[in-house]
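Peer 1: Please arrange chain B on chain A, whose structure you already have, making use of the hints.
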Amino acid sequence: MTQPWIAGCGLTAFGRHEDTSLEALAARAAREALLQAGLPPRRIGMAVFANALAARLSGSLTMGQDVLAHVGIAGCAVMNVENACTSGSTAVHIAALAIRAGEVDAALVVGAEKMFHPALGLIDSGKTLADTLLGRVTPAGFALRASRHMARFGTTADQLAAVSVKNRRAAAGNPLAMMRTPLTLAEVLAAPLVVDPLTRLQCSPVADGAAALVLVSERLARQCGARARLRATVLTSGSYDPMAELSEWETDSRTARLAWERAEAGVEEISVVECHDAFSIAEILHYEGLGLCPVGEGGRYAERLLAGDSACVPVNPSGGLLSRGHPVAATGIAQIIEVTRHLHRQGAPGRLGLAHCMGGDKEADTKSCTIAIVESA
Amino acid sequence: MTGVPAPELPPELAAQFALAADGTVLLRASRPAQGDAVIFPPRLYAGDGLDTTTEVLIPGDGRVNCLTRVRVRPPYGLPPGYVIGFVDLEAAPLRLFGLFAPEDADSLAPGSRVRLSLMPLGTDNDATPCLRPVFVPAAEPLTETRP
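Each protein sequence line maps, in turn, to chains A and B. For the first sequence, the UniProt record's numbering begins at 1 and goes up steadily by one. For the second sequence, the UniProt record's numbering begins at 1 and goes up steadily by one.
Incorrect hints may appear among the rest.
Partner residues are not named here, just some residues of chain A that face chain B (Cβ under 8 Å, in silico) [as the list claims (entries may be wrong)]:
{"#": "1", "residue": "D131"}
{"#": "2", "residue": "E363"}
{"#": "3", "residue": "A364"}
In short, the hints are calculated from the structure, not lab data. Since this is a predicted model, take the numbers as computed values, not measurements. Using N, Cα and C, we set each Cβ at its ideal position, and we do this for glycine too.
Bound-form chain A, shown alone:
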């Protein structure tokens, strides 16, 4: 079975792109990825386009074909994917499956979102869900997890805030990140409360942005000069256990176990992580779910990361969702690009990095969870 290789990456700056259409943003990222791969559009056998909000905000449907026309891709298999925050990483998983199956030699994955829209409002999991009608906005589920983590493990407000400070410090070195001005713990804690105990600076900002990847088979990878491959991609959904303890995230740990199994690797081999820090508490829960630290130690792990403890695995060196911004369907692809670029900066072959994403709320769990293990070559 051939492994999918990353032949090209394209990433726009995340932020406010008022004068650029969604199609233009997506096409810009797709073009960059195709040019880096050195493949003409006719060599792409399959394209997957991810978007989560355009149908709701602007009434646009099945946009992939419209976006791809801008980069001369037509006639091949085209798929449109919506899977909340994992829309982009789900699209990568689908393309990786097609490469592994030998169905195509080259696939283009594009994820794009425009979120600065007057109709956006608070994100929820759908207006037909009972929980939405009962006031469950997205930050609330995470705030409730935070309150449980604090009550059970003694996690402190300072430790939650440490995640935001650390990620903002990292974003200062990322020219594509949306928020790059350093923050202090005091500033994070003094920001307005969104849902207790999460302040505004502990919630990822909405953003416009696009990301694209060209995945190729091993045979084509040599021709393209690809220097990284996807050792594993995993997509799962929540288990919806009605009595699951909110201060632990079983879906995280179950998805991680599957990723280690498929990659034939373990957490001790990981040298960088980009995870779905949509809220400060989310990153703390993901440290534990991914096995970076024991359950209950996530708050202290955040403090160690902020203090620059070299025994810790770097988490979200791009700035994460909290500072890079979170254009929903672009995020999962951007995380894989950031991991790939981080591994390339490290220089040595055979290093592993992990990109983790979660999407949607259902019954106190996530609707989807993805992990991609990237290996530098």
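Peer 2: Frame of chain A; chain B shown alone:
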């Protein structure tokens, strides 16, 4: 007579909650054909054979697991600073998400005993005033004492 219709449960909530004749708010849970498990939110089918489930109505009494206050602009006409959370039910191993009655929220904490009630609160997806199930404080169950 004003002719204004009385507020009702929105269909999304009516599919999950029922009002008993004595005014008690009940959950419309599901029971699989085999066994005595209780599933909520209700499902159409359950078990390896995907047998049709039957509806079972269970009370919403329980204890607060955790709660939080939402400070951002409230959706659906809910009051500013509304309180939501999870309640561990007494009738079945279920942790139920829900709203807490605004006037009672300050008196509640993890471990507090609550029951489900129904009250006019906010609006539905059509911006029409509606009923919502809310948790309200409940008395501790009487414990038998022996002389």
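Peer 1: Which earlier hints turn out false for this structure, listed by number in ascending order?
Peer 2: none
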